[in-house]
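Note that the protein sequences, when read in sequence, are chains C and V.
Numbering follows this note's numbering, in which position 171 of the first sequence is assigned residue number 171; successive positions increment by one, without gaps.
Numbering follows this note's numbering, in which position 227 of the second sequence is assigned residue number 469; successive positions increment by one, without gaps.
Rather than coming from a laboratory, the hints here were simulated on the basis of the structure.
Backbone N, C-alpha and C define an ideal beta-carbon position, used for all residues, glycine too.
Please note that a few of the clues may not be correct.
[To be verified] So the derived list for chain V, only partly shown, Cβ under 8 Å to chain C, looks like this:
hint, residue
1, LEU256
2, ALA260
3, LEU264
4, ASP265
5, ASP291
6, PHE292
7, LEU299
8, GLY300
9, ALA301
10, GLU307
11, PRO309
12, LEU317
13, GLU323
14, VAL392
15, ALA396
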Amino acid sequence: MTTQILAIPLASHSGYTAVAVELGLTFGGGGPLTSAPRVLDGVVDDDVSLVNAVAKGDARALEVIYDRYSRGLYSLALRLLNDGPAAEEVVQETFLKLWRQPSAYQPSRGKLLPWLLGVGHHQAVDVLRRRQLEQRHRVPPSPHANGDALVDMVDNLGLTSSDGDPQLRAGAFEQRAAVSRALASLSIEQRVPLQLAYYRGMTQFEVATLLELPLGTVKTRMRLGLQQLRKAPDLSRLWSDT
Amino acid sequence: MTAEHATMTCAEFLDAAAGVVLDAADAEEVERVEEHATTCPECAGLLDDFKRIAAALGASAPQVEPPSELRGRVLGAVAQEPRKLAIPRRLWPRELRRPRISAAWLVAAASILLSFGALAWAYTLQTQITALQNQATVASDRAARADNLVQVLASDRLAIRPLRPVVQSLPSRGMVYLDPSSGTGMLTCHNMPALEQGHAYQVWFVRGSERISAGLLWPDRDGNGYTLIHVPVDLQSFDSIGLTDEPGTGSAWPTTPRVIGTPLNQSDQ
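Put together the whole structure using the sequences plus the hints.
What follows is the structure, given as structure tokens:
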């Protein structure tokens, strides 16, 4: 199979924000601070060209995309599922989706990594909901199990994101800090529904039930939260072209 | 955005789009949002923005390298999956695949199929009703148990403090959520040292030489647990909070050294 990948001029490495470098959003992937323009069959690749190559059946292009973004995708799936094999399954299904249907990614609507994360999140949430359904059918709800789930939920909400996370204090992950700063700027009324939905895979109805709020209120709070995050400079820069 | 479209207004779209990008909306709403986005470029742009924000939440997950063998597995799965499905060849001549069937047989077959279909439909409905009843029970149970917690979390005066071990080499940690307005709080702990049988950790508020018991906590075998605690209304006058190992019936005064705790007289967040 002949690889046909277009050469697209790259921005200079120094043009990336630290967040973008940390996230592996720079060309070449491979992790923080190791990124360099990747050459495939003599030409430099970029995401759009790679997806075009995937559309033509070029498995090597998919390999490059895998090397670039599998880490971010696996990390998200693991965060949601807390289960290595299930997270691996999500990664596999996400890349298979790109392979089967590359046209589902539209470059005009955003970068490849956010799209992959969106697909991966959707898959992981499906797994979470299947698990919940299976548990409901197999095991009668026990007070202890519910209590554990509740504690786990609260511990993972990041309510103390402004000062309680040792990793943030150590400055280990700048992108986490950027998102946490933005989240911390939200009121607790907006933050909790957003986090319950995104990180716990709860539906709006479930969030409304848990918080004993009208469904419309939960929808509005989620929307206000996202609109607020949209204004956060750290986040608006995160997927920028710089 | 004032335009109205067939399925949903732009204002309705805003609320619904948030649920869609968080994967928290139902299938019908997803469809309506996508339909509206195809007819309203402004809302489509907003939807893309929301998707980027949601992805940013995803990118904030602690970064973990996937197992090295996963790469081979994914690429192997791709290699085994040709993009275009091969069209199966006919295994027998066309005329052999079209036996003649009388109208009476067709009617009988259709009746049987309809009967089976009705039975399957009834079974599906019954299964759905049972599942919904289970869901309602679980949701109701969960909501009831979350009452106190939600009250704590939603408080305007919520104070959150990490609990750290007194002996630094201990891996124990915890978190306490205090709501003096309702007099309720929640305390979680992890990796606590194992207790003797019949013992519990007792939570204390400390003010000068005064010790006020706030509740008892029985961690599980891994040293993890949580409890709802009583919070003094005059919380700001207390110096610290701590946990000590006590008999399971509770003590009037701490009888062992503090295991984890935190000062309380710091400004909140």
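Results for each hint:
1. LEU256: Since chain C brings a Cβ to about 5 Å from LEU256(V), closer than 8 Å, the hint holds.
2. ALA260: holds, 4 Å
3. LEU264: holds, 4 Å
4. ASP265: This interface hint holds because 4 Å falls under the 8 Å limit.
5. ASP291: holds, 6 Å
6. PHE292: Because about 5 Å separates PHE292(V) from the closest Cβ in chain C, which is inside the 8 Å limit, the hint holds.
7. LEU299: OK, holds: LEU299(V) within 8 Å of chain C, min 5 Å.
8. GLY300: Constraint on GLY300(V) satisfied, holds at 4 Å.
9. ALA301: OK, holds: ALA301(V) within 8 Å of chain C, min 6 Å.
10. GLU307: holds, 6 Å
11. PRO309: With Cβ-Cβ at 7 Å, under 8 Å, it holds.
12. LEU317: holds, 6 Å
13. GLU323: holds, 7 Å
14. VAL392: VAL392(V) check passes; min Cβ-Cβ to chain C is 6 Å, inside 8 Å.
15. ALA396: holds, 7 Å
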